[in-house]
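Asker: Residue strings, one per chain:
Number of protein chains: 2
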Amino acid sequence: MKYGIVIFPSKPIQDKANALRKRYDPHYSLIPPHITLIEAFEADDETVHQLIPELRAIADETAPLAININKVSTFAPVTNTIYMKVEASQAIIDLYEKLQSSNLPANKEYSFVPHITVAQKLSDQEYADVYGSLQLKDTQLEDKIDRFQLSYQLENGSWTVYESFVFGKDE
Amino acid sequence: MKYGIVIFPSKPIQDKANALRKRYDPHYSLIPPHITLIEAFEADDETVHQLIPELRAIADETAPLAININKVSTFAPVTNTIYMKVEASQAIIDLYEKLQSSNLPANKEYSFVPHITVAQKLSDQEYADVYGSLQLKDTQLEDKIDRFQLSYQLENGSWTVYESFVFGKDE
Numbered sequence: 001m002k003y004g005i006v007i008f009p010s011k012p013i014q015d016k017a018n019a020l021r022k023r024y025d026p027h028y029s030l031i032p033p034h035i036t037l038i039e040a041f042e043a044d045d046e047t048v049h050q051l052i053p054e055l056r057a058i059a060d061e062t063a064p065l066a067i068n069i070n071k072v073s074t075f076a077p078v079t080n081t082i083y084m085k086v087e088a089s090q091a092i093i094d095l096y097e098k099l100q101s102s103n104l105p106a107n108k109e110y111s112f113v114p115h116i117t118v119a120q121k122l123s124d125q126e127y128a129d130v131y132g133s134l135q136l137k138d139t140q141l142e143d144k145i146d147r148f149q150l151s152y153q154l155e156n157g158s159w160t161v162y163e164s165f166v167f168g169k170d171e
Numbered sequence: 001m002k003y004g005i006v007i008f009p010s011k012p013i014q015d016k017a018n019a020l021r022k023r024y025d026p027h028y029s030l031i032p033p034h035i036t037l038i039e040a041f042e043a044d045d046e047t048v049h050q051l052i053p054e055l056r057a058i059a060d061e062t063a064p065l066a067i068n069i070n071k072v073s074t075f076a077p078v079t080n081t082i083y084m085k086v087e088a089s090q091a092i093i094d095l096y097e098k099l100q101s102s103n104l105p106a107n108k109e110y111s112f113v114p115h116i117t118v119a120q121k122l123s124d125q126e127y128a129d130v131y132g133s134l135q136l137k138d139t140q141l142e143d144k145i146d147r148f149q150l151s152y153q154l155e156n157g158s159w160t161v162y163e164s165f166v167f168g169k170d171e
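Residue numbers (the numbering used here), protein chains in the order written: chain E, 1 to 171; chain W, 1 to 171.
Only true hints are included.
Quick list of in silico lysine to aspartate or glutamate cross-link-like pairs, DMTMM-like style, CA-CA up to 20 Å: (1) E/Lys144 x W/Asp45; (2) W/Lys137 x W/Glu126; (3) E/Lys11 x W/Asp44; (4) E/Lys16 x W/Glu155; (5) W/Lys11 x E/Glu163; (6) E/Lys144 x W/Glu46.
Please keep in mind that the hints were generated in silico from the structure rather than gathered at the bench. Remember, it's a predicted structure, so these values are computed and weren't measured experimentally.
Please construct the entire structure, taking both the sequences and the accompanying hints into account.
Answerer: If you want it as structure tokens, here you go:
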């Protein structure tokens, strides 16, 4: 089964992201707006069963963390993906690195760029239009993150949450 | 914000349900296949914050429970909804009643009929066709339930999991 670890930002940010995703992201209906911590990886039940206490321990020793979004950015020209850029605070990098150094099936294809995708798989023309118009808008959002979610993928490509891991420190 | 409490059955059952939902359920893209324990209710942050430890206590004292699905059934003529009928074991009724007697905003509009919706909002003709064809098929599924999920609804009608509550007994 395919698993992934994500953070769902709070409802106001999800609603903002969805207003764009609805038109510009073919994954709109597959998963709510999210920050990917660990990209999709293949794991059997036994591996996941062993992973859970490790994830719990990481969450326990993580404090709720603030995130700031100051602009939209893009992975172009690699892909025509547009995203809300989450400032890479030390706290979120630490969390990512702890997860990476856990017994997860290795998966370091990309360097960690925390972000919330709002548009992807656009044609070059669409991409230029959407990115151009989003850059003219002010994007200033902040949020507090206090959990991550282990999810798995169904046959139809959509994701179901398996378990949430609430941060333990300071709460 | 609108919250609800659901159980996601395991992936094989979700995949089976989705094969039908894709064609026959307009809520297909809003939430994975699920058993509703507590229908959508309105609650503010503070109420939910107070509810969490109660839900945790209920999960702690609940043992993983087996569910059996032996047939598809329907809410017609009230609504043209078709569902996989989950046998109402004492264990799942007990769980439902504990949740109902917690400090949840009261919400007992319907009696508890545990089920996984696979088709809804059908025309009478569609309903007759789909229900007729599903009744000819053998439906025998079993699953083990060991958690429920508190979810909230976004502006677009879709649901995001807020927190999972893993059952505590016997594990």
